[in-house]
Amino acid sequence: MKTKPRVVVGLSGGVDSSVAAKILLDQGYEVIGMFMKNWHDESVTISNECPWMEDSTDAMLVAEKLGIPFQAIDLSEEYRERIVDYMFSEYEAGRTPNPDILCNREIKFDIFLKAAQKLKADFVATGHYCQKREILVDGQPVYQLIAGADPNKDQSYFLCQLSQEQLSKALFPIGHLQKPDVRKIAKEADLITAEKKDSQGLCFIGKVRLPEFLQQQLKPKKGQIIQIPENLPVYDQVKIPAGIDPQDWDQETLDALCLPIHYTPDQGKVLGEHNGAHYFTVGQRKGLQVGGTGKPLFVIETNTRQNVIYTGLGEDHPGLNRLGLFVKKDQIHWIREDLTLKPGESAVYEARIRYRQPLSKATLVMKENGLYVLFENSQKGVASGQFVAWYQGEECIGSGTIF
Numbered sequence: 001m002k003t004k005p006r007v008v009v010g011l012s013g014g015v016d017s018s019v020a021a022k023i024l025l026d027q028g029y030e031v032i033g034m035f036m037k038n039w040h041d042e043s044v045t046i047s048n049e050c051p052w053m054e055d056s057t058d059a060m061l062v063a064e065k066l067g068i069p070f071q072a073i074d075l076s077e078e079y080r081e082r083i084v085d086y087m088f089s090e091y092e093a094g095r096t097p098n099p100d101i102l103c104n105r106e107i108k109f110d111i112f113l114k115a116a117q118k119l120k121a122d123f124v125a126t127g128h129y130c131q132k133r134e135i136l137v138d139g140q141p142v143y144q145l146i147a148g149a150d151p152n153k154d155q156s157y158f159l160c161q162l163s164q165e166q167l168s169k170a171l172f173p174i175g176h177l178q179k180p181d182v183r184k185i186a187k188e189a190d191l192i193t194a195e196k197k198d199s200q201g202l203c204f205i206g207k208v209r210l211p212e213f214l215q216q217q218l219k220p221k222k223g224q225i226i227q228i229p230e231n232l233p234v235y236d237q238v239k240i241p242a243g244i245d246p247q248d249w250d251q252e253t254l255d256a257l258c259l260p261i262h263y264t265p266d267q268g269k270v271l272g273e274h275n276g277a278h279y280f281t282v283g284q285r286k287g288l289q290v291g292g293t294g295k296p297l298f299v300i301e302t303n304t305r306q307n308v309i310y311t312g313l314g315e316d317h318p319g320l321n322r323l324g325l326f327v328k329k330d331q332i333h334w335i336r337e338d339l340t341l342k343p344g345e346s347a348v349y350e351a352r353i354r355y356r357q358p359l360s361k362a363t364l365v366m367k368e369n370g371l372y373v374l375f376e377n378s379q380k381g382v383a384s385g386q387f388v389a390w391y392q393g394e395e396c397i398g399s400g401t402i403f
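Numbered per our numbering, the sequence shown spans residues 1 to 403.
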């Protein structure tokens, strides 16, 4: 008869998941360590090191030190299908995916969770810097996704697509700690990962160079880089109604503020050539290799069909900054299902469109066709395919894919 709750920890070979396993052991859980192998292709890693083998060995040594069972699971086929293929198709369509968010939703808290449940696990745990709380709403348990206590490490944004069902089975043992404390615990427990550097690669692929990774599948093709002037008439057409609540704005105003602008080559001048519009993302300034412009150039739109990159000069260019964004109806995700907005309703939250970005006040307006997110201050580099996540204080309430 099982007395202790059983938890499978995703041991990545890093310090955070190692300490997560140690804390769970100390708390009296029955702990199993599991390493996920998500990638085989060594041709696109930086340097000659073989990151997953090194990580897998470190994970095994940590499990040995803690005296817990360990196994490795090969999820590379599922990872290719659900994450890598999705990444390629998004870039090809001129959108900017976030593989880390998808990896959590599709791999760690879905396929990995199911593998853990086959081992009769009650929970899965990871080394994420975020926290989970449970409250009662109308007598029913509701799980809250709360930011990590270390503001420099908070990873709640990466978990913004988790469902109530996934959260109910998740544990985040280090979410209440600061990073230096995590390293201290690892050192005191004599874990091999105590001094190990944090990984910089794509989620679980390892140290991958993204352009080279994309070039495997998306072949280079020359196209034009076009500079769009700041005084384009379309920028003057967007007028914000004064003294009117955003939820009462008409559809035309909402669309003008929240939908991306599509440019045509005749609106600007040709500055140079690029090797493929699908390698670039909105807001990017590196890699354009155009000199002599004085101010820095930023990508303001990529058109992969016509293979054209549109750019704007300087970070105040009106094409780079947007006051709103739109999420299609089928792309809206509420972690807190009890707070779901109905068409015609609105709410004020704080939102971010990328990891580590400071939260910014935003009004969410729900319409029949989807969700309009209107920021109090304009946002730089709003890219289609990325995720917007909205918060109430430290709690992540929901998220959606930017149209």
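Just so you know, the hints here were simulated from the structure itself, not pulled from any lab data. Where a beta carbon is used, it is the ideal one built from N, C-alpha and C, also for glycine. Do not take every clue at face value.
To be verified - Taking lysine-lysine and the DSS-like style, the derived pairs with C-alpha atoms no more than 25 Å apart in a straight line are: (1) Lys221 to Lys187; (2) Lys179 to Lys4; (3) Lys169 to Lys196; (4) Lys118 to Lys221; (5) Lys221 to Lys269; (6) Lys286 to Lys328; (7) Lys179 to Lys196; (8) Lys132 to Lys286.
Claimed, not checked - Restraint-style ranges between C-beta atoms, simulated for each label pair: (9) Asp248 to Trp334: 18 to 26 Å; (10) Thr340 to Asp248: 19 to 27 Å; (11) Gly287 to Asn152: 26 to 34 Å; (12) Thr3 to Glu165: 23 to 31 Å; (13) Val137 to Thr57: 41 to 49 Å; (14) Lys65 to Gln178: 45 to 53 Å; (15) Gln357 to Glu273: 30 to 38 Å; (16) Ala347 to Pro151: 21 to 29 Å.
Hints versus structure:
1. The hinted pair formed by Lys221 and Lys187 fails the criterion: a straight-line CA distance of about 50 Å is larger than 25 Å.
2. Distance hint between Lys179 and Lys4 is unfulfilled; the C-alpha atoms sit about 28 Å from each other, more than 25 Å.
3. A hinted pair counts as satisfied when its Cα atoms are at most 25 Å apart, and Lys169 with Lys196 does not qualify at roughly 28 Å.
4. Distance hint between Lys118 and Lys221 is unfulfilled; the C-alpha atoms sit about 47 Å from each other, more than 25 Å.
5. Under the criterion of a C-alpha separation no larger than 25 Å, the hint pairing Lys221 with Lys269 is consistent with the structure, at around 20 Å.
6. For the suggested pair Lys286 and Lys328, the alpha carbons sit about 30 Å apart, so the restraint of at most 25 Å is broken.
7. Note on Lys179 and Lys196: the hinted pairing holds, with a Cα-Cα distance of about 12 Å set against a maximum of 25 Å.
8. At roughly 38 Å between alpha-carbon atoms, Lys132 and Lys286 are farther apart than 25 Å, so this suggested pair is violated.
9. The beta-carbon spacing between Asp248 and Trp334, approximately 23 Å, falls within the hinted interval of 18 to 26 Å.
10. Against the hinted window of 19 to 27 Å, the Cβ-Cβ separation of Thr340 and Asp248 comes to about 21 Å, which satisfies the hint.
11. For the hinted restraint 26 to 34 Å between Gly287 and Asn152, the CB-CB distance of approximately 27 Å keeps it satisfied.
12. Here the CB-CB span from Thr3 to Glu165 is close to 25 Å, well matched to the stated 23 to 31 Å.
13. About 45 Å separates the C-beta atoms of Val137 and Thr57, a value consistent with the hinted range of 41 to 49 Å.
14. Hint check: Lys65 to Gln178, Cβ distance near 23 Å, so the stated range 45 to 53 Å is violated.
15. Distance hint for Gln357 and Glu273: a CB-CB separation of about 32 Å, consistent with the stated range 30 to 38 Å.
16. Distance hint check: the CB atoms of Ala347 and Pro151 are about 24 Å apart, consistent with the given range 21 to 29 Å.
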